[in-house]
Amino acid sequence: MAVKVRIPTPLQRLTNGQEVVEGKPGKIIDMIQDLDSRYPGLAERVSEGGKIRRFVNIYLNEEDIRFLNAEETEAKDGDEVSIVPAIAGGRGNS
Amino acid sequence: MGFVTGLQCRECGRKYSIEPIYVCEFCFGPLEVVYDYEGIKKAVSRELIEARDENLWRYKELMPIDGEPQVGLSSGFTPLIKAENLARLFGVKELYIKDDTVAHPTLSFKDRVVAVALTKAKEFGFDTVACASTGNLAHSVSAHGAKAGLKRFIFIPATLEASKIVASLVFEPNLVAVDGNYDDVNRLCSEIANKYNWAFVNINIRPFYAEGSKTIGFEIAEQLGWRAPDNVVVPCASGSLLTKIWKAFKEFKEVGILDEANPKIFAAQAQGCNPIVTAIKNDTDVIRPMKPDTVAKSLAIGNPADGFYACKAVKDSGGYGEEVTDEEIIEGIKLLAGTEGIFAETAGGVTVAVARKLIEQGRIDRDGVTVICVTGNGMKTQEALQGKVAGPHHIKPNLASFEEVLKKL
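Going down the list, the sequences are from chains A and B.
Residues in the first sequence are numbered consecutively from 116, following my numbering.
Residues in the second sequence are numbered consecutively from 689, following my numbering.
Warning: the hint list may mix true and false statements.
Okay, derived cross-link-like pairs now, BS3-like style, lysine-lysine, Cα gap no bigger than 30 Å in a straight line [unchecked claim]: (1) B/Lys703 with A/Lys191; (2) B/Lys770 with B/Lys979; (3) A/Lys166 with B/Lys730; (4) B/Lys979 with A/Lys166; (5) A/Lys142 with B/Lys941; (6) A/Lys119 with B/Lys979; (7) B/Lys703 with A/Lys119; (8) B/Lys730 with B/Lys979; (9) B/Lys935 with A/Lys142; (10) B/Lys1003 with A/Lys191; (11) B/Lys770 with A/Lys166.
A few chain A positions that, by computed beta-carbon distances, are all more than 12 Å from chain B [stated by the list, open to error]: (12) Pro125; (13) Gly132; (14) Val136; (15) Lys142; (16) Asp151; (17) Arg168; (18) Asn172; (19) Asn176; (20) Asp179; (21) Arg181; (22) Glu189; (23) Asp192; (24) Gly193; (25) Ile198; (26) Val199; (27) Pro200.
Cβ-Cβ distance ranges computed for the label pairs, FRET-style [to be verified]: (28) A/Thr124 with B/Arg1051: 41 to 47 Å; (29) A/Lys166 with B/Arg875: 39 to 45 Å; (30) B/Lys941 with A/Asn176: 47 to 53 Å; (31) B/Asp1004 with A/Phe182: 36 to 42 Å; (32) A/Glu134 with B/Gly1029: 54 to 60 Å; (33) A/Glu177 with B/Gly694: 36 to 42 Å; (34) B/Glu849 with A/Pro155: 19 to 25 Å; (35) B/Ala850 with A/Lys166: 42 to 48 Å; (36) B/Tyr704 with A/Asp179: 53 to 59 Å; (37) A/Asn184 with B/Arg875: 36 to 42 Å.
No wet-lab data here; the hints were simulated from the structure.
All residues carry an ideal CB built from backbone N, CA and C; glycine is no exception.
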């Protein structure tokens, strides 16, 4: 069993249309690098200089990794990781 | 006219043409309008602006439109009140209230951003405008859209109190009450925005819409006699307003309207929803989302989209951030009403109470010129004061009964 990684629509072009791909257990940032070897270009879209891009949110089993250990958060076999573009704005207030 | 050259991603710098888009397709960063400042510099002057009508379009060269203004021709240019009573109480020399409680037509600063958004929507050729909102934004889109002859879809959570929706319904928009909370409404609106060719003011029109907030900064500078204040206190929800006010002063300097513009920008939030202020205090640019719980509902955004940029503006300007409790917010509303005769919504209570705190801490210099931004009218959030204000004196309809009361005062 691997880590289940959910890919957002704008990035599915890189994963041959797949909504879910398998990730390697370990640190989130390493997992993204590993995914990049199979789906070239993915790491660049999601991260920059070893950090997750500011307007990309990553959830480990529904929890925002900023509340966990950020890029260093460990994902285990059977965990689910979601990559979600933060919608820039649209909250209806000041 | 028209000095916009395109859109650009604030994160990775990728360029896009002028379209109703709002997010970078490469890195998902927000898009921002790019202006030809050299061209604007040649086109504008203080004299030109002063000769124009007193509304927000007097700064139209620095607004993101290509043609002439079409919506909100009486919006903006609200009073900058010299707050002498409040200044005395706070022990500061020069204090002003930028008073958007009297914004036209719906009594909040949203009338500015919606005026710009709907003008842009018309330029793009949309016949339908939309938004997700529980309050001020819904009122403004409903009203401005009625006058502009646009079809309107306003999305609200179904649990919203009846009293709050009347101020939208009177303008006869299509009001859609969604079974779910505010986040659910927003998520749904993003999906609708993808499917229908509508102008969602705070989604696909956002880069243009947000620019309207700059007019608060432009007006402050003009109303102070063409100078920037030393300190500006701004309420923060998404953080967009704060970043745009900061941008306004910088732009005025860039195009030669101001010689100097170095105001310190201060962020004001409620303790029950303070992700931006927390990041400022912790000296980090990582905004930790939170679940809002505050009486200041118009500021209750737990995951602020422009939080990072708001923190940066505060830091770059040499300002700071502070938070206040619900009790302090109510106190702030009453203080502003009692000293300056201005009835602000809860967000205004936040700003006034935060300003007081920052002055007491010495973060705001008592000898400088300070402006407090009050962005909405208290008539809209009267329920926040339920049980917090004194009752009337009940008397019999005769003089003796009245004089009984007089004796007790």
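Against the structure, the hints come out as follows:
1. B/Lys703 with A/Lys191: Distance ~39 Å between B/Lys703 and A/Lys191 Cα, so the pair is violated.
2. B/Lys770 with B/Lys979: violated, 36 Å
3. A/Lys166 with B/Lys730: Distance of about 42 Å is beyond 30 Å: violated.
4. B/Lys979 with A/Lys166: holds, 25 Å
5. A/Lys142 with B/Lys941: Violated, because 46 Å separates the two Cα atoms, which is more than 30 Å.
6. A/Lys119 with B/Lys979: holds, 27 Å
7. B/Lys703 with A/Lys119: Distance ~34 Å between B/Lys703 and A/Lys119 Cα, so the pair is violated.
8. B/Lys730 with B/Lys979: violated, 47 Å
9. B/Lys935 with A/Lys142: Given pair B/Lys935, A/Lys142 is violated - Cα atoms ~39 Å apart, limit 30 Å.
10. B/Lys1003 with A/Lys191: violated, 38 Å
11. B/Lys770 with A/Lys166: violated, 47 Å
12. Pro125: Answer for A/Pro125: violated, closest chain B Cβ roughly 6 Å.
13. Gly132: holds, 17 Å
14. Val136: holds, 19 Å
15. Lys142: Since the minimum Cβ distance to chain B is about 18 Å, A/Lys142 lies beyond 12 Å and the statement holds.
16. Asp151: Per Cβ check, A/Asp151 is outside 12 Å of chain B; nearest 15 Å; holds.
17. Arg168: violated, 5 Å
18. Asn172: violated, 9 Å
19. Asn176: With a cut-off of 12 Å, A/Asn176 remains clear of chain B, as the shortest Cβ separation is near 16 Å.
20. Asp179: violated, 6 Å
21. Arg181: violated, 6 Å
22. Glu189: holds, 19 Å
23. Asp192: The claim stands: A/Asp192 keeps its Cβ more than 12 Å from every Cβ of chain B (closest is about 28 Å).
24. Gly193: For A/Gly193, whose nearest Cβ neighbour in chain B is about 26 Å away, the distance exceeds 12 Å, so it holds.
25. Ile198: violated, 10 Å
26. Val199: Given that some Cβ of chain B is not farther than 12 Å from that of A/Val199, nearest at about 9 Å, it is violated.
27. Pro200: Answer for A/Pro200: violated, closest chain B Cβ roughly 4 Å.
28. A/Thr124 with B/Arg1051: 41 to 47 Å: holds, 45 Å
29. A/Lys166 with B/Arg875: 39 to 45 Å: violated, 26 Å
30. B/Lys941 with A/Asn176: 47 to 53 Å: holds, 49 Å
31. B/Asp1004 with A/Phe182: 36 to 42 Å: The hinted range 36 to 42 Å is violated for B/Asp1004 and A/Phe182, with Cβ atoms some 27 Å apart.
32. A/Glu134 with B/Gly1029: 54 to 60 Å: Between A/Glu134 and B/Gly1029, where Cβ atoms are some 58 Å apart, the hint holds.
33. A/Glu177 with B/Gly694: 36 to 42 Å: holds, 38 Å
34. B/Glu849 with A/Pro155: 19 to 25 Å: violated, 52 Å
35. B/Ala850 with A/Lys166: 42 to 48 Å: Since B/Ala850 and A/Lys166 have Cβ atoms about 47 Å apart, the given range 42 to 48 Å holds.
36. B/Tyr704 with A/Asp179: 53 to 59 Å: violated, 28 Å
37. A/Asn184 with B/Arg875: 36 to 42 Å: violated, 27 Å
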